[in-house]
Amino acid sequence: MDAVSSPATTEAQQLAFWLSRVAQLRDRAAFGQLFGHFAPRLKGYLIRLGCDAGAAEELVQDVMLTVWRRAESFDAAQAGVATWIFTIARNRRIDRLRSERHPAFDPNDPLLVPDEAENAEQGIETAEREHSLRSAIMRLPKEQAELLQMAFFEDQPHSGIAAATRLPLGTVKSRIRLALARLRRELGPDGSI
Amino acid sequence: MPMFHLNDDDLLDYAAGRFAEPFAVLIAAHLTLCPTCRRSVAGFEALGGLAIEAAPSVEMAAGSFDAVMARLDEPEPAEPPVRTQPASGEFRHLPAPLRRFVGAAPVWRKVMRGLEEAEIGGADGVRARLMRIAPGTAMPRHTHGGREMLIVLDGGYSDEIGVYDVGDVAVADRDVVHKPIADPDEGCLCFAVTDARLKLTGPIGRVLNLFIRY
Numbered sequence: 000m001d002a003v004s005s006p007a008t009t010e011a012q013q014l015a016f017w018l019s020r021v022a023q024l025r026d027r028a029a030f031g032q033l034f035g036h037f038a039p040r041l042k043g044y045l046i047r048l049g050c051d052a053g054a055a056e057e058l059v060q061d062v063m064l065t066v067w068r069r070a071e072s073f074d075a076a077q078a079g080v081a082t083w084i085f086t087i088a089r090n091r092r093i094d095r096l097r098s099e100r101h102p103a104f105d106p107n108d109p110l111l112v113p114d115e116a117e118n119a120e121q122g123i124e125t126a127e128r129e130h131s132l133r134s135a136i137m138r139l140p141k142e143q144a145e146l147l148q149m150a151f152f153e154d155q156p157h158s159g160i161a162a163a164t165r166l167p168l169g170t171v172k173s174r175i176r177l178a179l180a181r182l183r184r185e186l187g188p189d190g191s192i
Numbered sequence: 000m001p002m003f004h005l006n007d008d009d010l011l012d013y014a015a016g017r018f019a020e021p022f023a024v025l026i027a028a029h030l031t032l033c034p035t036c037r038r039s040v041a042g043f044e045a046l047g048g049l050a051i052e053a054a055p056s057v058e059m060a061a062g063s064f065d066a067v068m069a070r071l072d073e074p075e076p077a078e079p080p081v082r083t084q085p086a087s088g089e090f091r092h093l094p095a096p097l098r099r100f101v102g103a104a105p106v107w108r109k110v111m112r113g114l115e116e117a118e119i120g121g122a123d124g125v126r127a128r129l130m131r132i133a134p135g136t137a138m139p140r141h142t143h144g145g146r147e148m149l150i151v152l153d154g155g156y157s158d159e160i161g162v163y164d165v166g167d168v169a170v171a172d173r174d175v176v177h178k179p180i181a182d183p184d185e186g187c188l189c190f191a192v193t194d195a196r197l198k199l200t201g202p203i204g205r206v207l208n209l210f211i212r213y
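Those sequence lines, one after another, are chains B and E. First residue of the first sequence? That's 0 in numbering that gives the first Met the number 0, and the numbers climb one at a time after it. First residue of the second sequence? That's 0 in numbering that gives the first Met the number 0, and the numbers climb one at a time after it.
Derived by calculation from the structure, the hints in this document are not laboratory data. Where a beta carbon is used, it is the ideal one built from N, C-alpha and C, also for glycine. Hints are not guaranteed to be accurate.
[Said to hold, decoys possible] Footprint (simulated), chain E over chain B, 3 or more residues, beta carbon under 8 Å:
| hint | stretch |
| --- | --- |
| 1 | 41-48 |
| 2 | 60-66 |
| 3 | 88-101 |
| 4 | 145-152 |
In isolation and in its complexed conformation, chain B is listed as follows:
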């Protein structure tokens, strides 16, 4: 199956281009590209989180179907494609495992306190923000970068990391805080976190 390629250069832009083809044109070839990119990674991610292969397989199919159905709700001004798919996987997993929903704030809530710092240019900035986040993480000392990654490969609040690294839970928590503080320094005053 051949999919139309975008003139974009980076992988992130390519993924966003395919997703926009899915949203606007119901382009199956573009969806196939997204499936090829994300499905094996999602499966590996879910297995790391403790899913058995069968359950992971089913959940990935479920997530990818949701990507197809909700493609129009993707807003490049809010998040990158991988981030958007991460939130879908997280929500589907909570739904499957615990029959709960992941409560999120409602941007149309009359009680919402707006972000004064947000401006109209945000769309362009999002891609940049995620790009600088990526490079900031690469500049972290290896064990700090791994710790932040592990924070998403665990099902239990930090305790799984404590077990895997044989550290007391309090130490893990303070190391995560240190890693996040370092990440913020790397990102600079305009950082996204």
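With the hints as your guide, set chain E onto chain B.
Coordinates of chain E only, in the frame set by chain B:
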């Protein structure tokens, strides 16, 4: 803008989807009122995206791709309708995630003079409740058997740590012993989630522990 926020590891746990629903609802209520923590969560979700990008690829089963492609034209299964009360009347101070979680009109019961509570379901040892405290009411000095998270929705209160206003979050555990006093003019409406019963610590409190499901 709230002064008391959630700390990074709680926001990270929220972004990773690790909290039981009542705690996550409380955090989402704070996010509604706090652009600063919203930005943090957006950043942590981006870390989640990076984690997926970095995950070890595991090949999908043969036929998996075709199975999904064959289902693309299936009608989407109807989701059960989620009723969210409008932000008016008794719900006017409740951010949307909390209105959805509370569902129907809360049933209030009097716990002690100046304090009413409405239980909002709870499971697996997690208790969630709305609390309505009359102006100037002092709570008995108490500590917490497990973890308690609380968000102020209207009015406020003060204790040994500070003055808590709308949107502020207080997280307390065994180490915190406090004696909150509701705002003398407005009283306090708040939402609290605990994962164990809290304990009253004063001499009278120890006796009250026997009677009050607090």
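Cross-check of the supplied hints:
Coverage of the stretch 41-48 of chain B by chain E holds. Counting CB-CB distances below 8 Å, 6 residues qualify, and the rule asks for three or more. Residues of the stretch 60-66 of chain B with a Cβ under 8 Å from some Cβ of chain E number 3, which satisfies the need for three, so the listed coverage holds. Residue count for the stretch 88-101 of chain B with a Cβ under 8 Å from a Cβ of chain E: 9. That meets the three needed, and the coverage hint holds. With 5 residues carrying a beta carbon less than 8 Å from a beta carbon of chain E, the stretch 145-152 of chain B meets the three-residue requirement, and the given coverage holds.
Consistency note: the structure conflicts with none of the earlier hints.
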